[in-house]
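**Student:** Here are the chains, one letter per residue:
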Amino acid sequence: MKKQSDVAGGCAWRWENTMQMQVADAGEGILKVALAGRLDTAGVARIETRLTAQVVPRGARAIVDLSQVDFVGSLAIRMFITIARALGRQGGKLVLYGAQPLVAQVFTTASLHNIVPVQPDAAAAAAAARS
Amino acid sequence: MQRTLELRFLGTREEFEQAYTQLRHALDAVQLDAAARYNVELVFEEIVANVVSHGAPASHESDLHVRVTLELGLESIRLTFEDNGVPFDPRARPDPPPPQSLDHEGGFGLLLVRHAASSIDYQRTGAGCNRFTVTLPRAPGSTNRIR
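Chains as they are written, first to last, in my numbering: chain P, 77 to 207; chain H, 182 to 328.
With the rest of the complex left out, here is chain P (with noise of 0.2 Å):
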């Protein structure tokens, strides 16, 4: 965690950014990822490249846990569209599920929905990345 400083008056604050994400195999061809923290302007930069290497490259059929994910703007809509295009270019699918209630919000009001499939649970995800 990288410290802040001399914000006001010499008080220091801490980054509080610290995207974090897992990778696991979810069996039957399906690739689990779990995020974790604030996909603010600064969480998408820290997570995105990586995110993206994880994913692309192997033309996954990926689903992303969003339950630990606190915060969303339109940068992470745009990340998410981003690699759902080159996911779909390999023949890979992005599915993104568990958002909490103010995430979902967010999404809905971008209508994400209607490009990148957003469900509600692990089980309605793996079984939307496989159709």
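It should be emphasised that the hints constitute simulated quantities derived from the structure, not laboratory data. Quantities reported herein were computed from a predicted structural model and do not represent experimental measurements. Hints should not be assumed to be uniformly reliable.
[Claimed, not checked] Beta-carbon label-pair distances, calculated as ranges:
(1) P:185 / H:256: 20 to 30 Å
(2) P:130 / H:235: 29 to 39 Å
(3) H:187 / P:105: 45 to 55 Å
(4) H:187 / P:189: 33 to 43 Å
Cβ atoms here follow ideal geometry from the backbone N, Cα and C, with glycine treated the same way.
Since the structure of chain P is provided, determine the placement of chain H on it from the hints.
**Tutor:** Leaving out everything else, chain H in the frame of chain P:
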């Protein structure tokens, strides 16, 4: 936290991130509905990221200054964003249509801001600054929002 918070910072990614962290620390001291807090952070994120990415004249990146004022009222929250960057009236940008394919280019930021806000206003001030004001309901869902 005081009822008003002012943040001044250079329009760089590093100072944006520092100011964002400072905003969140300040909000920790306020009793705020979870949805209202999310919307404050979302609006800050979308507006300032846009200023930092597009606001600076090409040859003067280090001269981009940003001031954000957060005012907490009993029923509403007002965020005022001021910067000395290139003129940009966000009201002039239409919302993108709902995406129909993965070739969609994005542009969701202002859509999310409009959805969260109860009103937005923009002025190009006499001092050559953008001033963008976003008012949010303190209890989201209780107020008709702009679309």
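**Student:** Decide, hint by hint, whether the structure agrees.
**Tutor:** Results for each hint:
Checked against the hint of 20 to 30 Å, the pair residue 185 of chain P and residue 256 of chain H passes, with Cβ atoms roughly 22 Å apart. Checked against the given bound of 29 to 39 Å, the beta carbons of residue 130 of chain P and residue 235 of chain H, roughly 30 Å apart, stay inside it. Between residue 187 of chain H and residue 105 of chain P the beta carbons are some 53 Å apart, a value that agrees with the proposed interval 45 to 55 Å. Distance hint for residue 187 of chain H and residue 189 of chain P: a CB-CB separation of about 38 Å, consistent with the stated range 33 to 43 Å.
The structure shown violates none of the earlier numbered hints.
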